[in-house]
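Chemist: Taking the hints into account, I'd like the entire structure generated from these sequences.
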Amino acid sequence: MTLMMSPRIRRSPFYEATVRDGVTHFTVYNKMLMPTSFGNLEAELHRLMHGVAMWDVAVERQVEVSGPDADRLVQHLSARDLSTMQVGQGKYVAMCDHQGRLLNDPVLLKLSDRYWFSLADSDMLLWVRAVAGEGNFDVVVCEPDVSPLAIQGPKAEDLVAKLFGEHIRKIKYFGCIETDLQGIPLVLCRSGWSKQGGFELFLRDGTQGDALWEIVKSQGQEYEIGPGAPNHIERVESGLLSWGGDTTPDSNPYEANMGKYVDVNTPVNYIGKAALQRVAAQGPDRLLVGLILDGTAPSAWPLVER
1 MTLMMSPRIR
11 RSPFYEATVR
21 DGVTHFTVYN
31 KMLMPTSFGN
41 LEAELHRLMH
51 GVAMWDVAVE
61 RQVEVSGPDA
71 DRLVQHLSAR
81 DLSTMQVGQG
91 KYVAMCDHQG
101 RLLNDPVLLK
111 LSDRYWFSLA
121 DSDMLLWVRA
131 VAGEGNFDVV
141 VCEPDVSPLA
151 IQGPKAEDLV
161 AKLFGEHIRK
171 IKYFGCIETD
181 LQGIPLVLCR
191 SGWSKQGGFE
201 LFLRDGTQGD
211 ALWEIVKSQG
221 QEYEIGPGAP
231 NHIERVESGL
241 LSWGGDTTPD
251 SNPYEANMGK
261 YVDVNTPVNY
271 IGKAALQRVA
281 AQGPDRLLVG
291 LILDGTAPSA
301 WPLVER
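Be aware that the sequence shown starts at 1, since it is given in our numbering, and climbs by one per residue.
Since the hints were derived computationally from the structure, they do not count as laboratory data.
Glycine residues also receive a C-beta, built at the ideal position from the N, C-alpha and C atoms.
Careful: at least some of the hints might be erroneous.
[Claimed, not checked] Subject to a maximum C-alpha distance of 20 Å in a straight line, what follows is the list of computed EDC-like cross-link-like pairs (lysine to aspartate or glutamate): (1) Lys172 <-> Glu157; (2) Lys195 <-> Glu157; (3) Lys273 <-> Asp294; (4) Lys217 <-> Asp158; (5) Lys91 <-> Asp71; (6) Lys260 <-> Asp81; (7) Lys273 <-> Asp285.
[Stated by the list, open to error] What follows is a set of in silico ranges between Cβ atoms, one per label pair, in the way DEER data are often shown: (8) Ala130 <-> Tyr261: 17 to 27 Å; (9) Asp138 <-> Asp158: 43 to 53 Å; (10) Arg286 <-> His232: 20 to 30 Å; (11) Gly245 <-> Leu45: 11 to 21 Å; (12) Asp210 <-> Gly283: 44 to 54 Å; (13) Gly245 <-> Thr2: 22 to 32 Å; (14) Glu214 <-> Ser299: 33 to 43 Å.
Modeler: Pasting the structure below:
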């Protein structure tokens with residue numbers, strides 16, 4: 001099967017670099033090509049668990065909200081009390097519809113003059129614009145030229161300190177700073193879809209994706225760096241949610257084990273609050289759980305040609 005390219009499927013700023021480095025498989029996520037394998041899943045997992053994995057996650061699109069009513073709109077969209085959120089801070093939030101159904105589970109970043117919802121795979125730009133228009137919020141809502149490059153693994157912090165300086169070790173989880181790397185504008189955030197630790201480099205100029213990839217790659221050789229993709233084995237074992245993979249269109253945050261990120265007993269109001277208060281009081285009808293299996297790994301089934 002061959003995927004026919006069209007303007008409806010975008011390439012990331014790191015696309016050419018991933019092709020050079022041997023990408024073998026893509027999927028489509030947020031209407032963009034996303035690498036899923038570089039031909040050796042065991043080696044990619046080993047790098048994530050023991051060295052540094054470099055992921056093209058430009059498909060993690062941002063919805064940017066700025067303007068006089070940005071604070072009010074972002075709170076209206078988020079089922080979490082954001083009243084104490086500071087510049088340079090990020091929070092994991094649930095975005096729900098009026099029935100309390102989970103529309104997305106982004107990381108919300110607060111920059112000096114704007115917010116970014118860093119999104120899973122859904123058309124949240126349209127939702128945010130519709131809510132802003134219906135509520136007559138004085139804001140600008142757009143998808144900025146921002147493309148994350150993830151650096152994950154136990155040696156990722158050492159590499160990022162080498163690139164940006166020792167001060168980055170003080171950045172808290174989901175903390176972010178606006179910076180640059182050799183003149184390439186970035187937002188650096190301690191985040192990523194793994195539990196192995198690491199950072200995401202939010203590239204703010206899509207024309208410099210190739211340059212950023214090569215800088216990180218060349219500086220990471222001593223840390224066993226190599227390309228890869230978000231690893232579902234590791235994320236399942238780590239208990240990380242995959243919106244759309246682990247959820248259905250009718251799931252609410254409590255069913256998805258996001259209840260601790262939902263504030264139903266604070267004075268702030270947001271879309272879906274009344275519905276979520278009812279779920280919190282009654283308990284969810286179903287619950288996403290993980291299973292821990294004992295015993296050794298199953299033996300492989302060899303292929304035999306007859």
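Chemist: All hints are to be evaluated individually against the structure, with a verdict given for each.
Modeler: Going down the list of hints, with the structure as the test:
1. Lys172 <-> Glu157: It holds: about 12 Å lies between the C-alpha atoms, which stays within 20 Å.
2. Lys195 <-> Glu157: Distance ~13 Å between Lys195 and Glu157 Cα, so the pair holds.
3. Lys273 <-> Asp294: violated, 40 Å
4. Lys217 <-> Asp158: Distance of about 14 Å is within 20 Å: holds.
5. Lys91 <-> Asp71: holds, 14 Å
6. Lys260 <-> Asp81: holds, 12 Å
7. Lys273 <-> Asp285: holds, 18 Å
8. Ala130 <-> Tyr261: 17 to 27 Å: Because 24 Å falls inside the window, the suggested range holds.
9. Asp138 <-> Asp158: 43 to 53 Å: Between Asp138 and Asp158, where Cβ atoms are some 44 Å apart, the hint holds.
10. Arg286 <-> His232: 20 to 30 Å: Since the Cβ atoms of Arg286 and His232 sit about 22 Å apart, the hinted range of 20 to 30 Å holds.
11. Gly245 <-> Leu45: 11 to 21 Å: Given range 11 to 21 Å: holds, Cβ gap about 18 Å.
12. Asp210 <-> Gly283: 44 to 54 Å: holds, 51 Å
13. Gly245 <-> Thr2: 22 to 32 Å: Since the Cβ atoms of Gly245 and Thr2 sit about 25 Å apart, the hinted range of 22 to 32 Å holds.
14. Glu214 <-> Ser299: 33 to 43 Å: holds, 41 Å
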